[in-house]
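Chain residues, written in single-letter form:
Number of protein chains: 2
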Amino acid sequence: MKKTVVLFSDAGRNDLSLVGGKGANLGEMTNLGIPVPPGFTISTEVCNFYQHSYQYPDGLEREVMEALRHVEQAMEARFGDAQNPLLLSVRSGARVSMPGMMDTILNLGLNDATVEGLIKRTNNPRFGYDCYRRLVAMYGDVVLGLKPIAKEDIDPFEELLDAKKKARGAEVDTDLTADDLRQLVGEFKQAIKERTGQPFPENPLDQLWGAIGAVFKSWDGERAVAYRRLNNIPDEWGTAVNIQSMVYGNMGENSATGVAFTRNPATGAKELYGEFLVNAQGEDVVAGIRTPLQLMQLKEIMPEVYAQFEEIAYKLETHYRDMQDIEFTVQNGRLWILQTRRGKRTGFAAFQIAVDMVEEGLIDKKEALLRVEPDQLNQLLRPIFDMKQKEEAISSGKLLARGLNAGPGAASGRVVFNSLDAVEWKRRGEKVILARIETSPEDIKGMDAAEGILTQHGGMTSHAALVARQMGRVCVVGAGDLEIDYRSGCFQANDRVVREGDWISIDGSTGEVILGKLDTKPSEVLQVLLEKTLTPEQSGTYRTYHQIMSWADENRRLGVWANADQPEQAANAIAFGAEGIGLCRTEHMFFGGDRINAFREMILAADEMGRRAALRKLLPFQKEDFAGLFKVMGGRPVIIRTLDPPLHEFLPHSEGEMQILAGNLNMPVEDLKAKVESLREVNPMLGHRGCRLGIVYPEITEMQAEAILEAACEVTKTGVDVNPEIMIPLVGHVNELRDQDRLVRRIAAEVFARHGVKVNYKVGTMIELPRAAITADQIAEVAEFFSFGTNDLTQTAGGLSRDDSGRFLPIYVEMGILPQDPFATIDEDGIGRLMEWCVERGRATRPDMEIGICGEHGGDPSSIRFCHGIGLDYVSCSPFRLPIARLAAAQAALSEER
Amino acid sequence: MKKTVVLFSDAGRNDLSLVGGKGANLGEMTNLGIPVPPGFTISTEVCNFYQHSYQYPDGLEREVMEALRHVEQAMEARFGDAQNPLLLSVRSGARVSMPGMMDTILNLGLNDATVEGLIKRTNNPRFGYDCYRRLVAMYGDVVLGLKPIAKEDIDPFEELLDAKKKARGAEVDTDLTADDLRQLVGEFKQAIKERTGQPFPENPLDQLWGAIGAVFKSWDGERAVAYRRLNNIPDEWGTAVNIQSMVYGNMGENSATGVAFTRNPATGAKELYGEFLVNAQGEDVVAGIRTPLQLMQLKEIMPEVYAQFEEIAYKLETHYRDMQDIEFTVQNGRLWILQTRRGKRTGFAAFQIAVDMVEEGLIDKKEALLRVEPDQLNQLLRPIFDMKQKEEAISSGKLLARGLNAGPGAASGRVVFNSLDAVEWKRRGEKVILARIETSPEDIKGMDAAEGILTQHGGMTSHAALVARQMGRVCVVGAGDLEIDYRSGCFQANDRVVREGDWISIDGSTGEVILGKLDTKPSEVLQVLLEKTLTPEQSGTYRTYHQIMSWADENRRLGVWANADQPEQAANAIAFGAEGIGLCRTEHMFFGGDRINAFREMILAADEMGRRAALRKLLPFQKEDFAGLFKVMGGRPVIIRTLDPPLHEFLPHSEGEMQILAGNLNMPVEDLKAKVESLREVNPMLGHRGCRLGIVYPEITEMQAEAILEAACEVTKTGVDVNPEIMIPLVGHVNELRDQDRLVRRIAAEVFARHGVKVNYKVGTMIELPRAAITADQIAEVAEFFSFGTNDLTQTAGGLSRDDSGRFLPIYVEMGILPQDPFATIDEDGIGRLMEWCVERGRATRPDMEIGICGEHGGDPSSIRFCHGIGLDYVSCSPFRLPIARLAAAQAALSEER
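For the record, the sequence lines run as chains F and V.
Just so you know, we're using our numbering here: the first sequence kicks off at 120 and counts up by one.
Just so you know, we're using our numbering here: the second sequence kicks off at 120 and counts up by one.
Okay, chain F solo, but in the shape it has when bound (with noise of 0.2 Å):
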């Protein structure tokens, strides 16, 4: 055994193994002279040795005896002393942070003598019994094991506390008084009596062994190795106990407590900022009964101290190099701190930091890269509400529902609720919110008309949620509290009726949606990048987006290409560093106003030669749209998907659209709902779309091919390089392919032919089904690039509809059977398994395959990492998707450094 118990001052951050990331902690600070209430540690070895043989080593006691007269020494205070009692406290101390391991013991060395003392120094009867009873109460639980494990049974310490409170009409722990609490102390003593059969330790050091040995226990807890198993935490690992003496900032008026940042964690300003309450305790700033004072006051009260706690935070953030969150007490006068660590922060704040830290020599940019979270980017993207504006309105009760933050920002308008009156209302000047119990595709124009979406059901990637992220709108999705009425133009929110026209606001980033009109505003980045009403001079915000997203670009392997459909779109996407377009969604292009009625018009005519002659018709606006695309991307690889949505997704489904509809296309109604229902499918996730269409009417592929291919043709005439890539969906069989190749190849030939012209294109697949993915090698033959579409590969690998996976998928999470939202991060035991699987069949058959993924994971921070780490080559997002994708991919490329 290397050693059994090290003092503080003995431990540093790199004895982690030895005496768990508490122990190490506390060491380091001790060892930079930081005023840490002093204590020691029991190490892991004690741990281990305790786990083989139910007993402490032969010395440990003596060990822990001598370290206890270091820490006498330290507090000029003696454990178990009637006059001047030294208190402690026990605390687990894993190598990394265990939820499942035993909570923290305080108080430890108080009994009805040492109490009395307590209660002396600090002249405070009611401290010394509440410190009194919580020792009784937290022994009691976790030593003596008195918690509840079942979640509905109820923890007898807590039971006579209610009983307590009700007796003196209390409503608060704080209405007992100290003879109150003194009771309590008694009448849990009892209770353990009773449960136990033995009495409530009263030996300080009956207390001490007692809780060291409910820590070790706590290693084999049921919980702790359920998580161990979870987290692949090796048993061996074991935990050291820390035992370290009290301190208290509730002594009199020259006490204190409180907590600090080393930098405004808002904003990110390089200045001390924090909260502290003189003559209290760290409880105290919690529970919110006493405003807290800022912490330049401490300056005037305290200014010693205050001279003392501004060095040590400078020591510590310099140390730690990085933004700490600092707890300290002034116990009689004397600066304690109590713990530091990382400091919180917004994304604004992560962003300044790194970048000044950067700056003033503290870390390099790799490591600035590695500080911050992609996800907070988002913060500096979108619009936002005057965050006063919106606390006020919620706490005066105009909170209706929250539901899931889809498309961050935020948004006022008034509420429509349907796609038509939304592009009238927009006409007209109005801003709109769009709300729907859920969208499709018929809904893109009023999406697009409308300031934000909002819907009552669907997930984080409900078409809602997916078409909102790629156009950057405002998005709430699934706000189950709604009921949406459309005949009656309304919605319900609990007890309040919305109705057409009536301003509502919701904010994307939280999924709050609150009655009223509140302010919103573009963020800086947005003003410089797309609106250019300000220079990149003017904001401090875009400097340091701009900084982060340069160290990002040099550092990261994957390419980061966007989804995008419009040039406006692109235009947007190249704003934000898109490398080319990985999606462009051609059925999103069918729904402006001639072009619904063509399609339709194609869907029902009775044979080939009408699709043919409605395709005609479409012909040229696809046209128009591709080559508008290739112009604003010049040169970039640009993704087309051929159509992929079932038919029936396009023809209108209610009574009066139907009249319209047969009305324009002078067929009778009742053959026109024959036809509607006719392609009605079951599972129409898996029915005729994707490439079946363009097999069973191959003159749609055909029309598409050469639209793109004519486009081509026309954009390179004008001196513009262009390098579109088509993309046949739903492919499962290489035959599928090879069928829609041959085609496109054909028509090219003929489009080159006529334009005397040559223009580099390639043909590949989405890779979408498992047996697409399991048959990679064959499908490879005729793809020359593959494209993951992983929203669909889980939806069949899994058999999961995102549609209907409400009803459990929450559920899953919540019990723990899945460890998060598959369509929210890849799933990688099982579908990362079967990309890998498709990456190196694909590449065996043809090893410079061009391989991405354009589902939306690609903008996913983790799944970025993990299609890095399967050596794909780029990710494609929504086009406000890409500064968090290209900081993701740059943290992949150097966490794999590392």
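Keep in mind that the hints were calculated from the coordinates and are not lab data.
Worth double-checking, as some hints may not be accurate.
It does not matter which identical chain is used: a pair holds within one copy or between any two.
[Unchecked claim] Heads up, simulated DSBU-like pairs for lysine-lysine below, C-alpha to C-alpha not over 35 Å straight-line:
{"no.": "1", "residue 1": "Lys-794", "residue 2": "Lys-517"}
{"no.": "2", "residue 1": "Lys-517", "residue 2": "Lys-285"}
{"no.": "3", "residue 1": "Lys-877", "residue 2": "Lys-336"}
{"no.": "4", "residue 1": "Lys-517", "residue 2": "Lys-792"}
{"no.": "5", "residue 1": "Lys-336", "residue 2": "Lys-881"}
{"no.": "6", "residue 1": "Lys-792", "residue 2": "Lys-564"}
{"no.": "7", "residue 1": "Lys-564", "residue 2": "Lys-794"}
{"no.": "8", "residue 1": "Lys-545", "residue 2": "Lys-636"}
{"no.": "9", "residue 1": "Lys-434", "residue 2": "Lys-485"}
{"no.": "10", "residue 1": "Lys-742", "residue 2": "Lys-877"}
{"no.": "11", "residue 1": "Lys-651", "residue 2": "Lys-640"}
Fit chain V to the supplied structure of chain F, relying on the hints for placement.
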């Protein structure tokens, strides 16, 4: 080069690679002393030489001419002789038969001079010119390449022929006179000249070499190359060219032509069976212009020829050790055998012949097993129509439609359109055919009551087809020509209207739907096995069946289990050889009288307590069902699947039924409608079903586990061995199974404690999601058995909804995109790979894992072979497929042995 030209008399069946299949066959017969029209083969070596150099090897011409001299001598005629012309045929012949290769060219050697010789010798100008015009057209099409490639283009010779017929008012070719045909020869030659710029070659040797060259070129033709790629045939195999003298059966009254089988192809009886025509060509037999004579009559007309033929037939059958289909021609009293091949036969005949030949010592038992086709067993098992009666009905225009032959057998009954009526009418003693647009679990009772089931929609694995086969019901599905109208209680079929109560007959072996009543009779095998109306001694068919089955059982390694839910089904299954139950679908048990009400009450309950109360009512029913099964199965394993379908499948959807149910449950119908609506799913296949139900509503699995294990304990106490295996459906993640496994084991411990009895049981899972197969190593940590649900695995891995794929799957098979319907036969390249991976990974974790298949593929012979190959323990299928499975399993083992 080994050999360039081989006379038939120098070749045999071992020379396959040198002379191809046809050459080897003709050589083999020649060497047996069979009078084959003499000829020779240009070897595959020449083909290879030609492919590399585009010229023939030195000396080929000389060798061909030498061989030709041999033929001329044997036939006593000369090639190109104007008086006594020898005519030749040229045919390609690769090692394996290859569609996509060159067609045959007949009558080579005819020109303006030799045709007169032919006419003189046959005394038949019409015949001479008919041969001649055929030669010119074939030569133009095949050798000179005038045969159109695209379907829509017209063959120039057919065009001229049609014009001629029109001009002569002729309906069929035979209406044309000798003179018409002579004119056509001239017109055909003119067409060749115009289109190719070259005249038709009058020189017979030019014709011969032209034909030979065309065969060799066709080896590199686009279709042949594509076929080789698809079937993995090496290019180096090459094709041979067979040159054979023509013989004619129309040279007078001492000439004839015919076809004969060495045994009766309908019954298998050991007797020569065939037809012939005097003074006729082979085509005349096929064209059906003259009624052919029975072979027996040849004995009277040409006794010597008949005797010779009888001897040859015996010799060929003995040589090939199988029933032969022999084509013969008698030219001027001389018998020529043109071809012999394995004779096609009915199932009855196939089995009879196999058993007879073993008794005769011609083949051994193993060979007998490999000779028969498992699917033909159906013919021995199904009730059948009186064939003559059926043919009369069809020829008198009573065929209403043709659908898919989903449930073999024959049934007549009065048509009804819903389940309730079917039950009601049956109670009145009526025989009914249940006709539905499609069926759902609600229809189970009606399907059970009906003689046969007919659906307008659905494929071979639709609900109707699946349940019908399991029940042994006659079934025709996907009869798309029907238009069923529930409201008016009738269906239209083309122009006829069939109303409720009208008699119809459906043939589930052919898919025919016929108006009116036809007589049926149960098969003899069924009468012995199930009805016991015949003893084994009374039925030859049964003895044949039993013989084949016992040989099969001696030779198979795969276990053969049945899918069955009811004791009666299980008893049938045992009669058919079941060794266990591979799938008991518990949901089918929820459709009896009170059960469905209790089950619906459970679904509609407001909370868990309500659900538990309703489930309590179901418990005794389920227990009774399981006890019944266990008793019948007596110790054989019984796999019971917990609830699988989505709950909405159990609720009514029509207005009327909802009214009734709401009344029964004392709830407002609007509430019921809202609940039904709220359970609606976009993609029910991927929705809230399978173990997802048991996880969200653990009380359902609890009740089912309790019912299974209670029943097991009770039956055990009666002294019967019980081996239940509880199967959790739709597991995608090991944690799902872990949850349900824990629950089942908890219930088991409770039940066993209550009964003081322990029962061996297993907990395992269906493998029906790709994710389950991919993570089989993890799932095997918990699962004690796997059972492949290949229907759903095919649906999810391929993204193919069984219910919706009718729009493209048939087109895919027709286009050759898929080699076959993946729902009928396991898609080995895709689903098969996944299964293989799953077996490997699963057994890596749990080497003794029991793995089987319970999807519909379990009864498909080709799929059974695959399951044998990847090492499954058993296949499970519907009871009536069991004999097929036993035989297929034996064949798989025997094929592997070889």
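Here's how the hints hold up against the structure:
no., hint, result
1, Lys-794 with Lys-517, "between (46 Å within a copy, 30 Å between copies)"
2, Lys-517 with Lys-285, "within (34 Å within a copy, 88 Å between copies)"
3, Lys-877 with Lys-336, "between (75 Å within a copy, 34 Å between copies)"
4, Lys-517 with Lys-792, "between (43 Å within a copy, 32 Å between copies)"
5, Lys-336 with Lys-881, "between (63 Å within a copy, 34 Å between copies)"
6, Lys-792 with Lys-564, "both (24 Å within a copy, 32 Å between copies)"
7, Lys-564 with Lys-794, "both (25 Å within a copy, 32 Å between copies)"
8, Lys-545 with Lys-636, "within (17 Å within a copy, 68 Å between copies)"
9, Lys-434 with Lys-485, "within (23 Å within a copy, 88 Å between copies)"
10, Lys-742 with Lys-877, "within (17 Å within a copy, 73 Å between copies)"
11, Lys-651 with Lys-640, "within (14 Å within a copy, 86 Å between copies)"
In summary, this structure violates none of the numbered hints.
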